[in-house]
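Hey, can you work out the whole structure from these sequences and the hints?
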Amino acid sequence: MEISAAELGELLNGEVVGDPSVRVHKLSKIEEGEQGALSFLANPKYEAFAYDTKASILIVNADFEPAKDIASTLIKVDDAYSSFAQIMEQLADRSRKSGVHPTAFVAESANVSEDAYIGPFCYVGEGVEVKAGTQLSAHVTIGDGSLVGKDTLIYAGVHVYHGCQVGDHCIIHAGTVIGSDGFGFVPQPDGRFKKVPQLGTVIIEDHVEIGANVTIDRGTMDATRICEGVKLDNLIQVAHNVEIGAHTVIAAQAGVSGSTKLGKHCMVGGQVGFVGHISIAAGSKINAQSGVAKSIKEPNKSWNGSPAFAFSENLRSKVYFKRLPELVKRIDELEKALAIHQNKK
Amino acid sequence: MEISAAELGELLNGEVVGDPSVRVHKLSKIEEGEQGALSFLANPKYEAFAYDTKASILIVNADFEPAKDIASTLIKVDDAYSSFAQIMEQLADRSRKSGVHPTAFVAESANVSEDAYIGPFCYVGEGVEVKAGTQLSAHVTIGDGSLVGKDTLIYAGVHVYHGCQVGDHCIIHAGTVIGSDGFGFVPQPDGRFKKVPQLGTVIIEDHVEIGANVTIDRGTMDATRICEGVKLDNLIQVAHNVEIGAHTVIAAQAGVSGSTKLGKHCMVGGQVGFVGHISIAAGSKINAQSGVAKSIKEPNKSWNGSPAFAFSENLRSKVYFKRLPELVKRIDELEKALAIHQNKK
Amino acid sequence: MEISAAELGELLNGEVVGDPSVRVHKLSKIEEGEQGALSFLANPKYEAFAYDTKASILIVNADFEPAKDIASTLIKVDDAYSSFAQIMEQLADRSRKSGVHPTAFVAESANVSEDAYIGPFCYVGEGVEVKAGTQLSAHVTIGDGSLVGKDTLIYAGVHVYHGCQVGDHCIIHAGTVIGSDGFGFVPQPDGRFKKVPQLGTVIIEDHVEIGANVTIDRGTMDATRICEGVKLDNLIQVAHNVEIGAHTVIAAQAGVSGSTKLGKHCMVGGQVGFVGHISIAAGSKINAQSGVAKSIKEPNKSWNGSPAFAFSENLRSKVYFKRLPELVKRIDELEKALAIHQNKK
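Chains as they are written, first to last, in my numbering: chain A, 948 to 1292; chain B, 948 to 1292; chain C, 948 to 1292.
Each hint can be trusted.
Copies of the same chain are indistinguishable here, so a pair counts whether it falls within one copy or spans any two.
Calculated cross-link-like contacts (lysine-lysine; reagent style DSS-like; alpha-carbon spacing at most 30 Å): (1) K1142 with K1211; (2) K1265 with K1208; (3) K976 with K1208; (4) K1269 with K1208; (5) K1208 with K1232; (6) K992 with K973; (7) K1248 with K1265; (8) K1269 with K1248; (9) K1142 with K1248.
Derived from the structure by calculation, the hints contain no laboratory data.
Laid out in structure tokens, this is it:
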């Protein structure tokens, strides 16, 4: 990318204020702008930075009237954030490839769209289907009989086991494992454990994004299901038979134990754990590091703690937890006042 | 799979009640049975589902007498769960392969059984030994001088460093790393850290199952050891010089710090952490998200909390933690009653 | 390795006491010494083991005078630990290779030093630079336009996305992902989430060691930065726009949320979580499993708990947490003494 203010003004249908010949080659936040950078001002809270920034071009809202001189060339548009995001997306739209890299191996019975790309050292197993526009980066495994929808990006070193499904318009980041055996064992009388065969599958619906080094186990008999629009961060554990409801968002290092069902539109913080076999109501918000040990039936509430309970109550308990030494002193004094023998301390 | 009730009856040595020509092609739980599914009823708690299920065939105990009409064909056997498990295992027993995939690379000095299978893009290093029946899926690395026993399954993208040992009848899921350097550094006077070379190894005994994206560091001088029959879930950290005792089971995202020894037959919940250099008695049960900061000497007890203490005591403390705001009010009132000046709140 | 006491004495410039012809072929700790093992005694606390150890050779400090008979041959040196560490380092210095493995793929426009080694099934993308002495193990991906400095070790299955930088003298363990997209989404009015393109990069400075299966996301517009000398253990999450200050050490399974900056020389325990957009003062010590929810401004202090507060205060609160049931009893008795109606229990 290397573009002038005049060209940007035309692209964004905006008004150029300042030198139209100034050129930019990268994006930056307004407070970190350097020469050659394009930045934007949308939130009035950041206005002060506009007078100091070294960014060469600033995209601003049409109604922005500088209170002082600004060194940057301005592009005035209807919605500065949207216009900046439009530029970001154009830059992010890395060119799609098609075809099979010469080092890749595609099984004879696999059905790969001519419009898909199979990257270096990928292994595409027997009976696999890969639809149009989908891109497999290097070292990806798609196990026998699995299906990958269209326009999906699968990054390096993702391993999809046999018989799983990945939807359309998904993104799966490097190192993620889909379809490993669920953790199911039957204790034997002699203290050993016998494996319960894991014969189910994983179904990932459309528009799902999954971070790096995530693990999603296959169901025991049915499917572990990641519903439409779900976003999972890195290093998340999804156990067998779990269902993550549509448009639920889960932050890094959280874990969901077997057979638990999360509703739609939940927001789960980092390092949260859910025990198995519970149901979480739609719209639940779970604070980071919480441990959810029981089903949540009321939708759209916030939860905190391990075990988790209502967010605001939990905050109050945590405040008093911090003051416990002081509370103990107060009890000591009360006992002294009442001359209760303090042999319990 | 596609089998009739008559064939199943013969296979399981059971009595067919209903239409013997009905055919099934998949397994399901009784409450989720569909046409064409085989299910089972073992636990009387689930009996109600038997009258509603759409499963075409139900395996039931010989003494089961339906209280109402059942649409499914029944197969009466001595032990319904065992018979169903037998079918699961037959389905799970995916055909073993042998030979070396044409895209794999096996070093000249490696000793691979003719009866083992080396999958696509596997790298088998110098002096490696892989015994009969063992299956390496795609993209597996077995580092120089390492040994993999017989009838072991290693899934895609597992990386075993040099000089490690994996036993017989093990299963290691995708993305797991075995033999990475332990985290050992000596602080220098200038605030830098100097690496302590990690010269030990990892020994994984027989009948161990390890989940996906697990990390097991090699010992500093000796071995990190995973004893016989241990089952590890996904995303678990096992630091250098750790020993996990035989038949211990650890749930996902738990971590064991350096040189800690877990006894036999322990059960460790998800996201548990152990500090380094402690010993955990055999049969200890550690609740999810606990932090174990001291050795546990008494065997077969349950622990909870961070830092962990006895399970039932911890539960009580957690109940009162939730009630802390109420306790503070009671102290307030006591002080009021005694006219103690409340300047400490 | 296989070396005699006489040879060791010469190598370490030490005095041999005992049989100079004794030979060792491995290292061990003094308390676990076996025949054929070389061990050392530096800390007087361990002196008792010197009289029992089966290690064939012991390196000891020159001023060590045995109080009893010792079976092992002694090598007396100025600093026993340093001499032993010297032997460890010599053993650890595995021979460096150079060249490109025949199964690897290096893009035509990549610039790989003749003195670097590109291992089996590695993919080195367009415009990549790999400097002298650097070693890529098997199945490594270096994405288009990325740079790897000199004398860096990258173990099997590490995936570096496009446009990232890894410094000189770094070590990156197997399965680690560098440069995956940060977790950034804008909620839409209909409850869906729209991806914020992640256009930044990851910069890893010199002398950094990163454990196995770690994830480091690229910045949104700028760089996620791992500064000089940082040591990261396994399974750590580093979100977009994070900066980890020089010589900071982080234990396994910790996570740092987006845009948080850790100062220099911090020590972070296992399973710790940091919320996003905070700053942590240099030299902060964060205890394992803590949750850091606010910026830490005072340097060189210790913190504990979730949410974290000052370490010693937190310990006191945790002691009283354990005694909560007893505290409640004391309040009960106070109320009884004052005849306050106990309807609140």
